[in-house]
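Student: As a plain string of letters, each chain reads:
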Amino acid sequence: MDWEYSAAPESSAIADIKDRYMPFIDGAFKEGGGEDRDTLNPGTGERLSTVSTVNSSDIDRAVKAARRAYENVWSNIPRTERGKYLFRIARAIAERSRELAVVETLDNGKPIKETRDFDVPATAQHFFYHAGWADKLQHLGLGPAPQPLGVAGQVIPWNFPLLMAAWKIAPALAAGNTVVIKPAETTPLSILVLAEIIADADLPPGVVNIVTGAGDVGSMLINHAGIDKVAFTGSTAVGRRIQRELAGTGRKITLELGGKGANIIFEDAAQDQAVEGIINGIFFNQGQVCCAGSRLLVQESIADEFIERLKQRVETLRVGDPMDKNTDVGAINSEAQLGRITALMNAGIAEGAELWSSSCPLPKNGYYLSPSIFTSATPSMRIAREEIFGPVLTTMTFRTPDEAVLKANNSPYGLSAGVWTEKGSRAMGMAAALRAGVIWDNTFNRFDPAASFGGYKESGFGREGGPSGLAAYLDTDDEAVAR
Amino acid sequence: MTTRELSPQATEQLPAHLVDATADESSLRRFLFGLPGVDPVGIEQRAAGLATRSIKRASKLAAIDMAISMVDLTTLEGADTPGKVRNLARKAMMPDPDYPETPRTAAICVYPDMVPTGISELKGSGVKVASVASAFPSGRSSLEIKLADTKIAVDGGADEIDMVIDRGAFLAGRYGTVFEQIVAIKQACGNARLKVILETGELATYDNVRRGSWLALLAGADFIKTSTGKISPAATLPVVHVMLQAVKDWKIETGEQRGVKPAGGIRTAKDAIRYLVAVNEIAGPEWLDPYYFRFGASSVLNDLIMQRRAQLDGHYSGADYVTAD
Amino acid sequence: MSHLAVSKTYKLFIAGAFPRSESGRTYQARDKKGDFMANAALASRKDLRDAVVAARKGYGAWSRATAYNRGQVIYRIAEMLEGRRSEFVELIMISTGASTNDSAAEVDAAIDRLVHYAGWTDKLAAVMGSANPVSSPYFSYSAPEPTGVVGIVAPSGSPLLGLISVIAPVIAGGNACVVIAADADPCVAITFAEVVATSDVPAGVINILTGRIPELAPHLAAHADVNALDLTGADAELRESLGQAAAETVKRVYVPRGVPDFIATPGTARLRAFLEIKTVWHPTGALSLSGGTS
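Quick mapping for you: the protein sequence lines, in order, are chains D, Y and W. Taking numbering that gives the first Met the number 0, the leading residue of the first sequence gets 0, the next gets one more, and so forth. Taking numbering that gives the first Met the number 0, the leading residue of the second sequence gets 0, the next gets one more, and so forth. Taking numbering that gives the first Met the number 0, the leading residue of the third sequence gets 0, the next gets one more, and so forth.
You can trust all of the hints, since none of them are fake.
Interface residues of chain W toward chain D, partial, derived using beta-carbon atoms under 10 Å:
| hint | residue |
| --- | --- |
| 1 | 126 |
| 2 | 131 |
| 3 | 239 |
| 4 | 241 |
| 5 | 248 |
| 6 | 252 |
| 7 | 268 |
Listed below are several chain W residues computed to face chain D (Cβ distance under 10 Å; list not exhaustive):
| hint | residue |
| --- | --- |
| 8 | 132 |
| 9 | 147 |
| 10 | 256 |
| 11 | 265 |
Calculated from the structure, these hints are not laboratory results. A virtual CB, placed ideally from N, CA and C, is assigned to each residue, including glycine.
Pulled out of the complex, with its shape left as it was, chain D reads as follows:
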């Protein structure tokens, strides 16, 4: 029998993609004063919709609306009521979950299996979790009445557009702030559907404002004098620039930046599950994840056989139409990103690493890349040091646990790491020794609103999720000031 999965496409009709989308400011969708931008479907390379973008006076308007809402409305609503708005939003996200999943897949290029089973449910859960905190801030250990910071200016990336919107909006609102948020220019749609949900939930106008546009809009927002708090998720290069620009302004900042996570496989690992974990670590979301397990550190005593096993498993991954429910690996978000990934891959080849790519067929149109593994890589190679942000794994070996720690920590990044061993004391010991904000033992890419997420070193500072994530949106400066 020739076993073929038929294409199992999810219907895109439910998404009801409009021809045109507009920014959401002060409770209304209105044309912005900036240039229109088309957004593409990376799965096909074709135009999906057009988005009106903002100019500086729109940003001014948005910040003013957020300030008015903060001072006149949101600060005066009882905290329990603030929470109830967030609960409403959480439920409505669950109700429109299929629609949101399809919109996200069409605009971002990630498989419908991921948006349906991870992105959208996690988004709803994030709002639900933070809703419950709104009237319990006094239990955070920050004093009896922690105060919000005011108006938050937030800039989010294209890799998890809807989920990143939730990670920014939910804690900010739960803590009592109002927000002006800018989605990435290649993925503006899902947050604008979220804006409909927010409006349907009767959230007071100005509490959440969505400004659309590219990097220049983000820069204007972050540097706007009316912003009290800046939250940015994106590349380390841009994060450095933001931190530099805001030095001396007194504005509070949190940064979630890049990473080069080490996935460490010991000789006593549960090997089949370790293979799954590596695959999840680097091919989930096409590897376009800040906390991707993009460096495989495998103990030398099992390396050859293990990598063979890994390659065989990678061969079974299905790359294709993101709307097909059987697709494991979808499209890269943009042509530009595809170019960046291949440039680094070429550097890897030039530096002498060995490239293996899956032989899976790729669709003719759209931006696709075969899952790839570099072996014979050394720590000095660019593919071992720089964030590729694509479905490309760089493999190195180690001999002892100490060497694994040394190699894993030997990076300016420090966002995530994975440890695979059946030995409990080693799992605990590695978790303590690894300098990264998130350590996954015998698993990878697990997220939950109750578990803080964020980086050490150049992966950024500040946390999202959990009590420490909330603290980022509250005034925690409790030092007495001299008169």
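Start from chain D and add chains Y and W according to the hints.
Tutor: Same frame as chain D, now just chains Y and W:
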């Protein structure tokens, strides 16, 4: 410490390290404990992920037909009579009389004393007769009794023997005893193919399922089988994942292809197709063949037939349209 | 015949020892009246470099010690300071012109400050950490860890209490520090270094440099092996340029909201500023096979 030998042809082909593993009980224990562990959370997630594979239209009909052709249609009740077994056999040969092109099942599975009834009813049909043996289902008796039990089935003409391992011995760490029994029963099988039931629900951990699988393969099992169907949990996707991985690794190491049979708890066509997806993706398409994969089940056949009709007719069928027996 | 005082040479405090500046430079420390007090070492960029190396090493040992042990060591500093109380009261009076009462109040507050932070070390994880009730089969916890090496620009106007108020929260969390003391009070700072040197504090955990803040601080801010900065003692213009330099390596930068009132009970902002929250996940699978999906 006892030495044991594997059946002659197997020994010739096995690589040295596997032969060494069976030199004596402590070697066997060391080998089994040297196998990589299984992380329960990880494997359950992989199984759940594979279960979301979507099969549509043309593939689905092919999958249903394949699943039907892999069923070991089973009756293992104290109340079994010749009449019951005859009906079972007829159903195995012609699962859906209104659609005579429906594939026949791979086999029927009955108690040893029912084998002759099955053989005479199925003569010339191509449907095999499998019999349980070795003090099924508990496995709690002497080796003599277990061998005598097997002999009844083999003398009756059984094509396949589904034996149970001694779980008490396994859990007490007497892996050599478990091994010896399998070898002895394999010898008693003659030309009949041997399926070894691990009773995974009693082994209780995935690590034990992996060890039991390798132990049975080393001892000469033609099939490793999950359960007797008499206790819960019986077959589950993650357990079968472990077993599929074992036969795949066995083939990589020895060149020999052995079979897997989940039994018990497979009630719907959807369940069955999920197992086929697992076979395809974990072991490989070479295992999508009744010679290497079976379902130990009874009620699933009717659901497979009804789903088959739904594919062909374009509307859902009903229980009254398929034979209960 | 009256006894001629043996004047003290004030050197830098690096790696648990008291070296002179490698530049050989000094500057004159003067008391409140303008009279000469001592020749204090004028630290150079290279001294700072050595101090950072010492701090990185000290951080290794300090962060591996138990929280209990760190608490005991910080308490020991308080013990040693208490033992030299009258010396510090006199020194502060001379250096700043403070009255006996005010000076005594500062020294007592400084001792109490150390005791306060000694009691924090083994409570940080309970107060700032959590077991995370994740909705999937994992045990997850979050716990604070020290960020590493912290560069501190110490405040002026509070030579002992201010100095200790910026150092103690940093080391209580398990960090090591390189402190640029306010250039007006080198004698108090280095005398405090003597207290530290006799308190079982591992070498390199605290390093104190005397010299010009505008000259030294930029090197601290740009140094890629410094994880965080406390800019309490820098003025607004310097804070901005130091913050810009720090951005190159994404350092954590702490700037107090206003002029700190060091007498008041401390909050937790200075502790939190130099702690990283690490989240760990581990499967807690079924002990037996699941009843499972088939």
